[in-house]
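Peer 1: Make a model of the complete structure from these sequences and hints.
Quick mapping for you: the protein sequence lines, in order, are chains A and B. Just so you know, we're using the working numbering here: the first sequence kicks off at 1 and counts up by one. Just so you know, we're using the working numbering here: the second sequence kicks off at 1001 and counts up by one.
Worth flagging that the hints you see were computed from the coordinates, not collected in a lab. Worth double-checking, as some hints may not be accurate.
[Stated by the list, open to error] In silico EDC-like pairs for lysine to aspartate or glutamate, Cα to Cα no more than 16 Å straight-line:
no. : chain 1 : residue 1 : chain 2 : residue 2
1   : B       : 1002      : A       : 115
2   : A       : 567       : A       : 551
3   : B       : 1158      : B       : 1120
4   : A       : 567       : A       : 537
5   : B       : 1002      : B       : 1021
6   : B       : 1002      : A       : 114
7   : B       : 1002      : A       : 544
8   : A       : 743       : A       : 172
9   : B       : 1158      : B       : 1126
[What the hints assert, rightly or not] Going by beta-carbon spacing under 10 Å, a handful of chain B positions derived as facing chain A:
no. : residue
10  : 1040
11  : 1048
12  : 1079
13  : 1081
14  : 1092
15  : 1098
16  : 1107
17  : 1119
18  : 1134
19  : 1135
Predicted model only: the values in this text are computed from it and were never measured. The beta carbon of each residue, even a glycine, is placed where N, CA and C say it ideally should be.
Listed below are the residues making up each chain.
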Amino acid sequence: MADQVGQRTPRKEDRRLLTGTATFGSDVQFPRMAHARVVRSLVAHGAITAIDASAARALPGVVDVVTAADVPTGLAIPVRLQVPDTDVSGRLQPVLAATEVRYVGEPVAVVVADDPYVAEDASGLVTVDIDDRDPLVDVDDATEADVVADFGLGYGDVDTAFGRAAHVVAMDVAVGRHTAVPMEPRALTVEYQPATDSLSVYGATKVPVFNRQVLAGLLGMDESAIRMHAVDAGGGFGVRGEFYPEDFLVPWLARRLRRAVSWVEDRAEHLVAVNHSRQQRHRVEAAFAADGTILGLRDDVRHDNGAYVRTHGVIVPELTLAMLPGPYRVPAYRGRVRVVLTNKTPCGTYRAPGRYEGTTAREQLFDLAAAELGLDRVELRRRNLLGSDELPHTRAMHTLGTDVVLDGGDYVRLLDRALARVDELGWRQLVDAGRAEGRLLGLGLAVFLEKSGLGPYDTADVEITSTGRVRVLSGGTSLGQGIETALAQIAADEFGVPYDAVDVINGDTLLQPYGTGSWASRSTVVAGSAVQRAAREVAVRVRELGARLLEAAPDDVELVDGAVRVKGVPGSARSLAEVWQAAQPRAGWLAADEPAGLAARHRFTVDHMTYPYGAHVCAVEVDPGTGNVQVLRYLVAYEIGRAVNPTLVEGQLRGGVAQGMGGALLEELVYDEQGQPQSTTFMDYLLPTAAEVPAVDLVVCEDAPAATNPLGARGAGEGGVTAAGAAVASAVSDAIGVPAIGKLPVDPRSVVRLLRSEDRTTRHSVALS
Amino acid sequence: MKDQHLVTLDVNGREYEVVLESRRTLADVLRQDLGLTGTHLGCEHGICGACTVLLDGEPVRSCLVFGVQADGRSVRTVEGLADGDELSDLQQAFSRCHGLQCGFCTPGFLMLAEAYLDTEPAGDPEEVRDVVSANLCRCTGYQGIVEAVTEVAAARRKQRDG
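Peer 2: This is the structure:
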């Protein structure tokens, strides 16, 4: 059997998803299941003076109405990802607002009814009296008391670098408020077993083991009495599967009511309840020598975190600073971030957190610098990219609890490969031809650094089953990314079986209690490495028992094509099913006290992340009348290290581009001055459709396998998003003849404003050579 | 007293009788009353198209259609596409072209595309792109979806032309 890793195998997930037989959270139904509906604050900031639920309780079919008065006092949702030397403990979100509401959408009560329609009817009958307070909507209006964390990262003598610079280039960059918008809204179904006082939770995704720990803590239950079941999930992208108020409320209600409770949010709720992300203002500056060499970089960031600190703590601002220097040689760097609490939906991560924002700020600054220094945009970058001989490169910073050590690679080569492909595709001619007709076309470029393979560990169990199938119990979770297929390929190679002889179960806390979940482009890398090691240990055991069956020495047998045989003697082959039989206690092959079965658990640990890198190039056309931007062409070049399944890697990159483009051009969660959200439907929060997203050309490189894991993989989840805001802004600025653009999204109104601005010059170079 | 109606509908060739409140959506009838959970609700305001089903052959947003409006009519859902274990040409093409990732929007795209393919189109990729821009996908960037529908249009045309 040829190696399965590296093959474009079709996905194991597809059949159930294509036939409508997949099981998403809201597809799990139990007899006599009750339905919950959350009553949310309609006011951005105020004191709760009274809640009257009598009319709701009186409605036939209503089972229960609960408020903060019914839950134990002081319950708040803890932080999952701590940043050292920050204390956010006083700013955590309560499971239900008790005395104060801090954003529109904050849960204040829950109605439970026999029927979801009745639950929704009743929720409208709950009246909440609130004394309004002034909301904080803009970080410019923040006071010291609104700043929950103020910290810096950096190294080197930044002041001296700026003091001796030939040029200092500075600009303001604002990134809008976005959210991930998985197509499936959140859903939870919880079954309660009174006989054992235990809970079964369907719909927890991403980090089920952590969420079970939090839930057990909040409920005062033993973790073993709670089982998070794996179900399909309709996209994650960072927001789905974190611990939200509902992740406490629904299980707590199931236990209180001693019956199954289902909760499914609608889209309007989702857009005010699920984590927001991205919104930052940067004042970013770079010091250059006369020849365009970077001497120093500094950035002052204000991060609008919304009303509370949720499970991500202040990790997104930390990541912003830690990743801001990107793939460049930056001798001195200082970043500062102030994390401001405003009266908007709280924030967390969204695919490429901190990097989408920071890459936009840095790359737009470099476009401006190229214009001011009179250099080609590519040349400026080429001069300053770290060379392959300078890697690994340690930056005296830390993030996510690890040191920043950029592992091996060749950034310049990747940039060259990207530009060679652009040449092949004829994009310069396309832009030139359009311009010759008087149209506003432009080319944009952005180079980026990503991170992946975050440890410190993940765990996998691998076992052989009675029919000789391979069963993997992984610590990853399936959010639609294809992890089942990738892990099956990895396990298959250890036994020489086809990948469809492998069954993968992700994210079930009973079957895999030590999983770390799927986030941060980590699960193929870290969970995949754990699967490989566990499978290898099982393969050793298979050979050991197989040798016994064959009456041969273990060194004289081999495991080929899913069977053990005496080396070079195909006729002696014993199948995995036969070896499994021999591993059963009744079979008589086991020694006294020898464990039965063919299974192994492996915990893979890794100290450092791996840092993939890439470049985005795109061509856009601007409509001079409406300011509309059409993306005509798009290319991503990306170093994947080693692709377990190239098709899945490409899918991740293409999907990432669509999301990144959305944030660059269309998507923004807008609030009015009263803190009222203006983007609560898909008519107002605009996702890109097939009409806006072009076909994406890809240059997927396997030039630099990662040294941090046995697969050599670098992770694919985020590189399609990271530089999309920067690349689109770069192309628009090129099209309309401004040096750089300081605000995302580049919506039609801002394009028209720029087209009318005085600063508009002749277009700068599109040579990109 | 609830306003209840006895409704008869044909779903994927099988007849069902259900008693419905007039406000109950077709999506909830399919998912909750008939257990056909392949039809998904992504926005409940008619934009995302995840809940697209065919009503008398025409694509509709089942979140915007009341169950009573389907009385006496035929409904086709994602559960009706495969022939037993054999996936339809369109389902196979979606998998082959990596036109799905999380798969939540997929049933809506499949039904939208089925209705389009029933018009016996030439399958010009630009036209396909225009058609599938009616629905939202957040995972794929649409490229695999466009390729899958284009391929099937071409294959069916070839089959028709013999």
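Peer 1: Now tell me if each hint is right for this structure.
Peer 2: Now the hints, each set against the structure:
no.: 1; hint: B:1002 to A:115; result: holds, 13 Å
no.: 2; hint: A:567 to A:551; result: holds, 13 Å
no.: 3; hint: B:1158 to B:1120; result: holds, 11 Å
no.: 4; hint: A:567 to A:537; result: violated, 20 Å
no.: 5; hint: B:1002 to B:1021; result: holds, 7 Å
no.: 6; hint: B:1002 to A:114; result: holds, 14 Å
no.: 7; hint: B:1002 to A:544; result: violated, 69 Å
no.: 8; hint: A:743 to A:172; result: holds, 8 Å
no.: 9; hint: B:1158 to B:1126; result: violated, 19 Å
no.: 10; hint: 1040; result: holds, 7 Å
no.: 11; hint: 1048; result: holds, 6 Å
no.: 12; hint: 1079; result: holds, 5 Å
no.: 13; hint: 1081; result: holds, 7 Å
no.: 14; hint: 1092; result: holds, 8 Å
no.: 15; hint: 1098; result: holds, 5 Å
no.: 16; hint: 1107; result: holds, 6 Å
no.: 17; hint: 1119; result: violated, 18 Å
no.: 18; hint: 1134; result: holds, 8 Å
no.: 19; hint: 1135; result: holds, 8 Å
In terms of the numbered hints stated before, the structure departs from hints 4, 7, 9, 17, listed from lowest to highest.
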